[in-house]
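Enquirer: Take a look at the letters that make up each chain.
There are 2 protein chains.
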Amino acid sequence: MNDFIFHNPAKVYFGKNQIGHLPEEILKIGKRVLMVYGGGSIKKNGLYDTVKKLLDENGIETFELSGVEPNPRHTTANKGAQICKKEKIDLVLAIGGGSTIDCAKGVAAAALTDDGDVWPLVSNGVWVTKALPVIAILTNAATGSETDGWAVISNMETNEKIGLGGSALIPVVAFENPEYSYTLPTYQTACGAFDIFNHVIDNYYLAGDATFDMILEFQEAVMRTVVKWAPVAMKEPENYEARANLMWASSMALNTVLDAGTVHGCACHLLEHELSAYYDITHGHGLAIVTPRWLKYILDEKTAPAICRLGVKVFGLAETTDAMAGAEKAIEALSDFCFNTLGLKPNLSDLGIGTEHFRDMAEHACAGGKISGLKELGADDLEEIYKMCL
Amino acid sequence: MNDFIFHNPAKVYFGKNQIGHLPEEILKIGKRVLMVYGGGSIKKNGLYDTVKKLLDENGIETFELSGVEPNPRHTTANKGAQICKKEKIDLVLAIGGGSTIDCAKGVAAAALTDDGDVWPLVSNGVWVTKALPVIAILTNAATGSETDGWAVISNMETNEKIGLGGSALIPVVAFENPEYSYTLPTYQTACGAFDIFNHVIDNYYLAGDATFDMILEFQEAVMRTVVKWAPVAMKEPENYEARANLMWASSMALNTVLDAGTVHGCACHLLEHELSAYYDITHGHGLAIVTPRWLKYILDEKTAPAICRLGVKVFGLAETTDAMAGAEKAIEALSDFCFNTLGLKPNLSDLGIGTEHFRDMAEHACAGGKISGLKELGADDLEEIYKMCL
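As they're listed, the protein sequences go chains Y and X. For the first sequence, this note's numbering assigns the number 1 to the initial residue and increments by one for each residue that follows. For the second sequence, this note's numbering assigns the number 1 to the initial residue and increments by one for each residue that follows.
The shape of chain Y in the complex, shown without the other chains:
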C-alpha cells in the first residue's frame, strides 16, 4: 500500500441556484477579471449575460478572451496572459468546458512568468506553484479540469498536446449547474461521458495491489454512473438528473478522491493526446476508439482478472471463474457501450486517419520513458495499438 497526499481544495457550488455566489467569491480575491470562453455558445444560452450582469452589478471590471479552441492552443493562452499583464488582472474566470478551463489555467500560469509564454512551462514539465487564481463555471461534464490541477495545452506548430500540472492550477472555486450543459450537442455529451469513464479506467487497472477496496469500489461506482446516465442525457438533453450525475462524476473522477494510494495511470490519455495533436479530433472520441483496443492488447493471464471484474461490476456481466473469457466479454461490453450506446464511430479510418504518423506518435508518447501501468508499454506496443484502431 502506497503513501499518498490527498489535497482537494477547490470549493464547488453545485446545483441550480448557486451562481449568485459568484460575485462574493470573486470579491474575496479582487475586482479585475479576465473572462475566458469558447466559440460563443454561452452567448446563445444566456449564461454570458447572466454572468456579465452579476459582475457589472457588483462593480467587478471585466476583460475578455474568447474563441478558445476545443484543443486549446498555447498561442491563445499567451494572448490571455498578455491581457492579464497589461490590465493587471486579479483572477481568470473560465466559462465553458474542459478546453476553456484548461486554457484559463494556461493563461493564469503564463501571466505570472516574465515573458507571458505558457509553452516553456508546458514543454519543460514545470510543476506550477504560482498562477493567478482561476474560478471555473462548468458547462460540460468531461475533463474534470473544474476541480483538478491539470491543463492540456496544444502546440499545433510542433504537433504536441501536453499536460501542464501544478497545485496553483486547481480552481479556487467551481460552479457546476447541470442546466448549463442542457444545450450540449449529443456528440459532445457522448465524448465528454467517455472522457470521464476513461479517467477512471486508466487508473482502475493499477489499483489491484496498491490501494483500498473502498477506492476500487468508488471507481466502479463512477463508471457505472457514466454507463447509466450518458445514454439518458443523450436522449433527453434536459434531464436534470442525468446531467447532474455526469457532472458530479466528471469532478469525482479526477479530484483525487479515486486516487488514494493508487498509481495514477494514463496509457489511453497518452495514446489519445497524440491523435488530437496530429489530427485535432475530439478527445473523448479518440479515447473511445483507443480504450477497447488497449484493453485487448494488454489482456493476458495477469490482467484478465481485473478486466473480467470490470465487466461484472460495471457492465453487469455474470460472474465467472474463467477470467480470460470474462475479460473478453468485458471488452465486448465496453466496445458496445462506446460504439453503439454512445454512437461513436469505432475506427480511426472513420475520422480520416491513416497509418502515416503512427510511428512518430508512438515514439513521441514514450518520449518520457515507457508508459507505466499494469503492463509497461513502449513505442512498439503503442504503434501496435494504433494499428488495431484503424
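Don't take each hint at face value.
Since the list gives no way to pick one copy over another, a pair counts as held whenever it fits inside one copy or between any two copies.
Unchecked claim - In silico PhoX-like cross-links for lysine-lysine, where the CA-CA straight-line distance does not exceed 20 Å:
#1 K130 with K11
#2 K31 with K85
#3 K11 with K235
No lab work stands behind these hints: they were computed from the structure.
Model the placement of chain X on the given structure of chain Y, informed by the hints.
Expert: Coordinates of chain X only, in the frame set by chain Y:
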C-alpha cells in the same frame, strides 16, 4: 436533487513516511505551537518523542495541554485557550484520536474570543469562522474529526454534549499513519469502527430520493470497509492494511465526499450524545447499542426498501422481493456485527444505565426540534428507542 456546496480543503499526508512534512507545514503558519494530547499513550508508543524532536530541531517553540478526556470537557478546552492567549500561540497541534482533535478545535475557537470561553460558542450553536489553525496527527480511526469541521464538547456540569461546527475548524493539515493506531486496545478499535459505520448509516437512509446513485454506492463501499477490516484490526492490531482501511474510511465518512446533495442525518448521534453526556460512556459503544434499535423503530413499509438494501449491499444478504423480511434480516445482521463480531455489550443495562434519565435525554435531544430523517422523530419516539436499548 438538492443543491450543495462541496468544500474539503484539509490536506492529508497518509502513510508510513509522512511525519517528516510536519515542520514545513507548521512553519507555513508560525513558530509557536500548542501541543494537545490525551492520557499519555503517545508517550508510551514514542509518537510524542518523534514529534517533539522534529519541532525542536526546526526551531518551533512548543507548549502543552495534556490530559484531554475521552469526552472532552469545555473546561479543558478553556485551559488551552488561556495558554494560547498568554503565549501568543500560532497554531494548535492535536496528537490523538477524535476527542483530542475535538478539544484542540475547541481551544482554537476559544483562543480568538474575548474571554477565551468555548462554551458560549457551543451552547449558542455559533458557526465558527475564526479560529487558530489546527493540525491533526491522528492515532485512532473513528470520528472523522481529522478532516471535518466539527467538534463535540461536553459540559459535565449541565450534562450536555454538543457539536460545535464551523469552516474554521477544519484542520488545515492532517497526518494519518495507520501505524499510530497499532497500540489501540481492541475495545477502542471496535468502538471507533462503529463510529465510522454510523456516520455513514446516519446519512445513508436519507439518500434515497436526494442524491446520486454514485454517492449511495460510495456510502456502501465505506460501510463494507468497516465490516471487512474492523475484525481483522481487532485480531491483528498491527495489520497495516486493516488499520489503513479503517483510517481512510474514518476520513471519507465525514469529509463531505459522501454528502453531495444528501441531507446529513444524525438521529443515532443525537441519541448517543445524550448517553455520553449523562453517563460518560464510550461514544462508539453507545452508537452500537442505539443503531439497531433505531432501525427497528423506524422500520415500516416506507423505510423497508432502504434497510433491506443495506443488508444486501453491506452484509451480503441474498436479494429479496420481500423488503420487510429483508429489512428484518438486515437489522439482525447489523446486530450480529455490533454485538458478536465487534464484541460490544448489547444493552444499556450492561453499562449500568437505567431508565432514570430517559425522558430528560429524549427531550433534550429534541430541544432544537424534531429529528429529521427518513422518519421524523420526537421526544416520545426517542424515549421509546432508549427503552428498547435497556
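Enquirer: Identify every previously stated hint that the structure contradicts and give their numbers, smallest first.
Expert: The structure conflicts with hint 3 only, although it agrees with all the remaining ones.
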